[in-house]
Amino acid sequence: MRFFERLSSLDDERRARIARAGIAFALIAPVAYLVQHLVFRSNDPRAMAHVLTTPFYWRVAASLWWGGLAAVAAYTVRSERWSRRAGLAALGVALGYAVLAWVLP
Amino acid sequence: VTDLLRVFQAMHGYLAALAIVGLIHPAILLRRGLPLSRGGRWALSLSTLVTVITFASGIAIYGSYRELVKPSLLASELAVAMLFETKEHLAFCVVSFAVGAWVAAVVAPRSAVDLRKTAALIFAAAAVLGLVTLALGTYVAAVKDFGPK
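First to last, the protein sequences are chains A and B.
Numbering-wise, the numbering used here comes out as the position in the first sequence, counting from 1, plus 80.
Numbering-wise, the numbering used here comes out as the position in the second sequence, counting from 1, plus 14.
These aren't lab readings, by the way, just hints derived from the structure by calculation.
Please read all numbers here as calculations on a predicted model, not as lab measurements.
Fair warning: there could be bad hints in the mix.
[As the list claims (entries may be wrong)] Partial list, derived from the structure: chain B residues whose beta carbon lies under 7 Å from chain A: (1) 55; (2) 100; (3) 103; (4) 106; (5) 111; (6) 115; (7) 117; (8) 122; (9) 123; (10) 135; (11) 143.
[What the hints assert, rightly or not] Anything over 10 Å on all C-beta distances counts as not near chain B; from chain A, calculated: (12) 119; (13) 138; (14) 149; (15) 158.
By construction, the Cβ of each residue, glycine as well, lies at the ideal position given by its N, Cα and C atoms.
Whole structure, please, built from the sequences with the hints as guidance.
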């Protein structure tokens, strides 16, 4: 409850920046994940059983880091223009992500 | 141990179903971009929390799954094993979308209608991808899970 009260005490400009940072995280973290997957993807699926490390954990951790970095970058941007198109960008990311995850698992 | 893992896997699936229902609600609630009430904020927070817990429970059993199930699945049912890979990728997208959209929706100032509408679209996309993830996960688990088959 105190968390929401503290949020309300922030000025509108700062709240808008944090909100845009959240959207940047939502868009960039999955893209970073997919890029890593496609770059380090093995052509032999059966080789996955013999990999000693767990690539999924690393992909997730690195993608969260990239998403966080994008959020920090978005926080520093003052423009509000880009957030209006972010919804459509999210739909594009979701569609492209789903297709690539399906075609190149 | 495998019985315990099967129970945990089933719980992961039930949580996923709950998370999808939870993700549809914010998409509807935020579609007009109106400011959230205190109850709305709590509802969004719980939806996102369930999604994160679902993903975390998947991460928790992933090590055992990779050790006990994946090798035989790859050997006997390659196409199904690839569907599991797709599910794994989609799950990360769902949790990223949910967390990012939650931040945007809860923190956005009262005047930021566009930000809340954007969050609604992201929640909707997360719900759709979550539904695909759940369907794939259920199918893969039906073919092979921690139990003896």
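Numbers of unmet hints, in rising order: Failing hints: none at all.
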